[in-house]
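Trainee: Read top to bottom, the protein sequences are chains R and B. Take the working numbering: the final residue in the first sequence is number 155, and no numbers are missing along the way. Take the working numbering: the final residue in the second sequence is number 155, and no numbers are missing along the way.
Check the hints yourself; a few may be wrong.
Identical copies go unnamed one by one, so any copy, or any two together, can satisfy a pair.
Capping the alpha-carbon separation at 20 Å, the derived lysine to any residue pairs in SDA-like fashion look like this [said to hold, decoys possible]:
id	residue 1	residue 2
1	68	44
2	68	33
3	83	54
4	68	58
5	68	30
6	83	64
7	68	102
8	83	96
9	83	35
10	68	81
11	83	18
FYI, nobody ran anything at the bench for these hints, they're computed from the structure.
2 protein chains.
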Amino acid sequence: MVNYQVAALDRTFAALADPTRRALLARLDEEDSLSVSDLARPFPVSLPAIMKHLDVLSDAGLIVRTKTGRTVACQLTPAPMEQAMNWLARYERYWTEQLDRLAAFLEDDKWQASPASSSNAVSKPRRKKSTKRGRSRTK
Amino acid sequence: MVNYQVAALDRTFAALADPTRRALLARLDEEDSLSVSDLARPFPVSLPAIMKHLDVLSDAGLIVRTKTGRTVACQLTPAPMEQAMNWLARYERYWTEQLDRLAAFLEDDKWQASPASSSNAVSKPRRKKSTKRGRSRTK
Numbered sequence: 017m018v019n020y021q022v023a024a025l026d027r028t029f030a031a032l033a034d035p036t037r038r039a040l041l042a043r044l045d046e047e048d049s050l051s052v053s054d055l056a057r058p059f060p061v062s063l064p065a066i067m068k069h070l071d072v073l074s075d076a077g078l079i080v081r082t083k084t085g086r087t088v089a090c091q092l093t094p095a096p097m098e099q100a101m102n103w104l105a106r107y108e109r110y111w112t113e114q115l116d117r118l119a120a121f122l123e124d125d126k127w128q129a130s131p132a133s134s135s136n137a138v139s140k141p142r143r144k145k146s147t148k149r150g151r152s153r154t155k
Numbered sequence: 017m018v019n020y021q022v023a024a025l026d027r028t029f030a031a032l033a034d035p036t037r038r039a040l041l042a043r044l045d046e047e048d049s050l051s052v053s054d055l056a057r058p059f060p061v062s063l064p065a066i067m068k069h070l071d072v073l074s075d076a077g078l079i080v081r082t083k084t085g086r087t088v089a090c091q092l093t094p095a096p097m098e099q100a101m102n103w104l105a106r107y108e109r110y111w112t113e114q115l116d117r118l119a120a121f122l123e124d125d126k127w128q129a130s131p132a133s134s135s136n137a138v139s140k141p142r143r144k145k146s147t148k149r150g151r152s153r154t155k
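Kindly generate the complete structure, drawing on both the sequences and the hints.
Mentor: This is the structure:
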């Protein structure tokens with residue numbers, strides 16, 4: 017991976033490592049554009065503190081600020097998050113494999129329990145085979 | 017979201033915001049378990065610096081260290097990454113929508129270009145309809 021991509025990933029993850037910055041991004045996700053004062057309003061944090069957070073988000077390329085007269089408007093530019101998500105996706109198999117093991121355990125349990133229990137034991141909710149795993153994000 | 021989850025997400029993203037720490041995780045992804053000295057060997061960084069990075073990764077719950085005699089072994093425990101990935105997944109629609117717009121543009125181009133161009137114009141590679149979008153991570 018070339019160096020500027022490594023540095024970009026550093027900045028993206030560092031920008032996301034703060035709850036106020038994540039909440040600022042979440043607010044900008046709900047609105048097309050917000051002035052700095054409108055954006056800062058719900059936060060129990062001083063305006064200069066918000067401005068510093070916006071600097072970090074802007075340096076990471078996660079927002080853009082546009083000045084019109086005396087008003088600065090902020091917009092979400094979430095493109096750098098894709099690289100972060102791709103980096104994490106390499107590890108996704110660990111938690112999907114955990115679900116596979118859980119599914120396998122429940123399946124085994126069904127077959128082991130069947131002879132000793134009643135024939136309608138498979139109708140118990142905990143024996144229901146999950147087929148939804150790993151598809152929720154592709155909607 | 018409860019506070020300990022917020023703090024966990026802060027620690028996960030902060031731990032991932034460093035290229036040496038990401039590379040340490042990538043090495044542990046390739047091996048079941050590695051001693052600290054084996055893990056540190058390929059890095060052009062002092063052992064105390066590696067130890068500090070391992071502290072950050074351990075605090076974030078991304079690795080576990082087990083001491084056997086005088087050897088400390090490290091193992092990857094990537095579970096906290098799932099929460100980070102779920103947080104990012106909320107924004108995934110932005111880049112998949114961008115691909116939708118690109119696909120729509122290429123589709124429009126095909127229909128607009130067809131009457132003026134030769135009848136076999138649709139066989140050009142750039143007019144090929146992409147059907148793979150958004151599925152790469154579900155393999």
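Trainee: None of the hints should be skipped; say for each whether it holds.
Mentor: To see whether the hints hold, each was checked on the structure:
Taking the closest pair of Cα atoms, residue 68 and residue 44 come within 20 Å of each other only inside a single copy of the chain (16 Å); across copies the shortest separation is 35 Å, beyond that limit. In this assembly of identical chains, the alpha carbons of residue 68 and residue 33 lie at most 20 Å apart whether taken from the same copy (14 Å) or from different copies (18 Å). In this homomeric assembly, residue 83 and residue 54 come within 20 Å of each other (Cα to Cα) only inside a single copy, at 14 Å, whereas the closest approach across copies is 52 Å. In this assembly of identical chains, the alpha carbons of residue 68 and residue 58 lie at most 20 Å apart only when taken from the same copy (16 Å versus 37 Å across copies).
Taking identical chains as interchangeable, the C-alpha atoms of residue 68 and residue 30 lie at most 20 Å apart whether they share a chain (14 Å) or sit on different chains (17 Å). For the homomeric pair residue 83 and residue 64, the shortest alpha-carbon distance inside one copy (17 Å) is at most 20 Å, but the shortest distance between copies (46 Å) is not. Taking identical chains as interchangeable, the C-alpha atoms of residue 68 and residue 102 are never at most 20 Å apart, the minima being 28 Å within one chain and 26 Å between chains. In the homo-oligomer, the alpha carbons of residue 83 and residue 96 never lie at most 20 Å apart, since the shortest distance is 23 Å inside one protomer and 39 Å across protomers.
For a Cα distance limit of 20 Å, the shortest separation of residue 83 from residue 35 qualifies neither inside one copy, at 26 Å, nor across copies, at 34 Å. Proximity of residue 68 and residue 81 under a CA criterion of 20 Å is satisfied intra-copy only: 13 Å inside one chain copy versus 36 Å between copies. For a Cα distance limit of 20 Å, the shortest separation of residue 83 from residue 18 qualifies neither inside one copy, at 33 Å, nor across copies, at 36 Å.
Consistency note: the structure conflicts with the earlier hints numbered 7, 8, 9 and 11.
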